[in-house]
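Starting from the known structure of chain Y, arrange chain F on it as the hints suggest.
For the protein sequence lines, the chains are Y and F, in the order given.
To convert, note that position 17 of the first sequence is 17 in our numbering; the numbers rise steadily by one, no gaps.
In our numbering, each residue carries its 1-based index in the second sequence increased by 110.
There could be a bad hint or two in this list.
Unchecked claim - Listed next, the in silico SDA-like pairs over lysine to any residue satisfying Cα-Cα at most 25 Å (straight line):
{"no.": "1", "chain 1": "F", "residue 1": "Lys155", "chain 2": "Y", "residue 2": "Lys14"}
{"no.": "2", "chain 1": "F", "residue 1": "Lys112", "chain 2": "Y", "residue 2": "Lys9"}
{"no.": "3", "chain 1": "F", "residue 1": "Lys152", "chain 2": "Y", "residue 2": "Arg72"}
{"no.": "4", "chain 1": "F", "residue 1": "Lys155", "chain 2": "Y", "residue 2": "Pro83"}
{"no.": "5", "chain 1": "F", "residue 1": "Lys152", "chain 2": "Y", "residue 2": "Gly3"}
{"no.": "6", "chain 1": "F", "residue 1": "Lys152", "chain 2": "Y", "residue 2": "Glu73"}
{"no.": "7", "chain 1": "F", "residue 1": "Lys155", "chain 2": "Y", "residue 2": "Gly16"}
{"no.": "8", "chain 1": "F", "residue 1": "Lys155", "chain 2": "Y", "residue 2": "Arg72"}
{"no.": "9", "chain 1": "Y", "residue 1": "Lys71", "chain 2": "F", "residue 2": "Arg214"}
{"no.": "10", "chain 1": "Y", "residue 1": "Lys71", "chain 2": "F", "residue 2": "Leu156"}
{"no.": "11", "chain 1": "F", "residue 1": "Lys152", "chain 2": "F", "residue 2": "Ala139"}
{"no.": "12", "chain 1": "Y", "residue 1": "Lys57", "chain 2": "F", "residue 2": "Ser138"}
{"no.": "13", "chain 1": "Y", "residue 1": "Lys57", "chain 2": "F", "residue 2": "Glu115"}
{"no.": "14", "chain 1": "Y", "residue 1": "Lys9", "chain 2": "F", "residue 2": "Arg214"}
{"no.": "15", "chain 1": "F", "residue 1": "Lys155", "chain 2": "Y", "residue 2": "Ser75"}
{"no.": "16", "chain 1": "F", "residue 1": "Lys112", "chain 2": "Y", "residue 2": "Gln37"}
{"no.": "17", "chain 1": "F", "residue 1": "Lys152", "chain 2": "Y", "residue 2": "Leu78"}
{"no.": "18", "chain 1": "F", "residue 1": "Lys112", "chain 2": "Y", "residue 2": "Asp56"}
{"no.": "19", "chain 1": "F", "residue 1": "Lys152", "chain 2": "Y", "residue 2": "Pro103"}
{"no.": "20", "chain 1": "F", "residue 1": "Lys112", "chain 2": "Y", "residue 2": "Glu98"}
{"no.": "21", "chain 1": "F", "residue 1": "Lys155", "chain 2": "Y", "residue 2": "Glu98"}
{"no.": "22", "chain 1": "F", "residue 1": "Lys155", "chain 2": "Y", "residue 2": "Gln85"}
Stated by the list, open to error - Residues of chain Y placed beyond 12 Å of chain F at every Cβ, according to the derived structure:
{"no.": "23", "residue": "Gly16"}
{"no.": "24", "residue": "Gly63"}
{"no.": "25", "residue": "Arg72"}
{"no.": "26", "residue": "Ala82"}
I should point out that these hints are in silico values taken from the structure, not numbers from a laboratory.
Ideal placement from N, C-alpha and C gives every residue a C-beta, glycine not left out.
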Amino acid sequence: NAGVTQTPKFQVLKTGQSMTLQCAQDMNHNSMYWYRQDPGMGLRLIYYSASEGTTDKGEVPNGYNVSRLNKREFSLRLESAAPSQTSVYFCASSVRYEQYFGPGTRLTVT
Amino acid sequence: RKEVEQDPGPFNVPEGATVAFNCTYSNSASQSFFWYRQDCRKEPKLLMSVYSSGNEDGRFTAQLNRASQYISLLIRDSKLSDSATYLCADHNYGQNFVFGPGTRLSVLP
Numbered sequence: 001n002a003g004v005t006q007t008p009k010f011q012v013l014k015t016g017q018s019m020t021l022q023c024a025q026d027m028n029h030n031s032m033y034w035y036r037q038d039p040g041m042g043l044r045l046i047y048y049s050a051s052e053g054t055t056d057k058g059e060v061p062n063g064y065n066v067s068r069l070n071k072r073e074f075s076l077r078l079e080s081a082a083p084s085q086t087s088v089y090f091c092a093s094s095v096r097y098e099q100y101f102g103p104g105t106r107l108t109v110t
Numbered sequence: 111r112k113e114v115e116q117d118p119g120p121f122n123v124p125e126g127a128t129v130a131f132n133c134t135y136s137n138s139a140s141q142s143f144f145w146y147r148q149d150c151r152k153e154p155k156l157l158m159s160v161y162s163s164g165n166e167d168g169r170f171t172a173q174l175n176r177a178s179q180y181i182s183l184l185i186r187d188s189k190l191s192d193s194a195t196y197l198c199a200d201h202n203y204g205q206n207f208v209f210g211p212g213t214r215l216s217v218l219p
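This is chain Y alone, in the form it adopts within the complex:
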């Protein structure tokens, strides 16, 4: 039981490049989330998916897209990376009100 896994762990992009962050959970949770964490800002919700086939915007969705591929997988795509998207990205899944986080992806956009 791996919990929530994320790939890659680290990534450096140039401005304008695109990439997809992958997330998978093996806990059979319906809800999944993408957050970014910046110093002094706490965790901010980018997108979430309450169940397979649905996605909704969170607090800071601009510049991102998501896909809930199936119940297990929820990916986050940056179509044209900007330096302001330099951050640590966490995926999470939840059962009731308990959230379980993946180990995070450290993204730097130069």
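Relative to chain Y, chain F alone:
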């Protein structure tokens, strides 16, 4: 004003001390509250949920004050291993979790 606010610290306390953190929330409709622990360069992990009547888990006690809209976390007999950042979060039915910026705790030998 942010929906969930915390004193960022750092709180530097000696081993064995008692330390308390407060967290205020602005959404009076929030129903559920939580404390998470985050170690340096790691993911947040749920420490405990906060119940209306208050709850205790070993050396940790969480309290909710709905009238003043804050939750608190008390750590007794601090250990070196308690050094981490503590995040509070609230949740409103139909919405999502909102996290505070975290309070950093350093327990010193």
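Would the pair lysine 57 of chain Y and serine 138 of chain F pass a check requiring their Cα atoms to be no farther apart than 25 Å?
-> holds (22 Å)
Would the least Cβ to Cβ distance between arginine 72 of chain Y and chain F come out above 12 Å?
-> holds (18 Å)
Taken at face value, is the distance from the CA of proline 83 of chain Y to the CA of lysine 155 of chain F at most 25 Å?
-> Violated - the C-alpha atoms of proline 83 of chain Y and lysine 155 of chain F are around 28 Å apart, more than 25 Å.
Hey, lysine 152 of chain F versus arginine 72 of chain Y, does the alpha-carbon distance stay inside 25 Å?
-> holds (22 Å)
For the pair supplied as a hint, lysine 155 of chain F and glutamate 98 of chain Y, confirm whether the alpha-carbon distance does not exceed 25 Å.
-> holds (10 Å)
Would you mind confirming whether the straight-line C-alpha gap from lysine 155 of chain F to lysine 14 of chain Y stays at or under 25 Å?
-> violated (32 Å)
Has the given pair, lysine 155 of chain F with glutamine 85 of chain Y, been kept, meaning a C-alpha gap of at most 25 Å?
-> holds (24 Å)
Please work out if lysine 112 of chain F and glutamine 37 of chain Y have their alpha carbons no farther apart than 25 Å.
-> holds (15 Å)
Non-interface claim for alanine 82 of chain Y, where every Cβ of chain F lies beyond 12 Å = holds (23 Å)
Lysine 155 of chain F paired with glycine 16 of chain Y [C-alpha distance capped at 25 Å] = The hint is violated at about 33 Å.
Quick one, are lysine 112 of chain F and aspartate 56 of chain Y close enough, alpha carbons at most 25 Å?
-> holds (21 Å)
Take a quick look at whether lysine 152 of chain F and leucine 78 of chain Y sit within 25 Å of each other, Cα to Cα.
-> With a Cα-Cα distance of about 23 Å, the restraint between lysine 152 of chain F and leucine 78 of chain Y holds, given a limit of 25 Å.
The earlier numbered hints that this structure contradicts are 1, 2, 4, 7, 9, 11.
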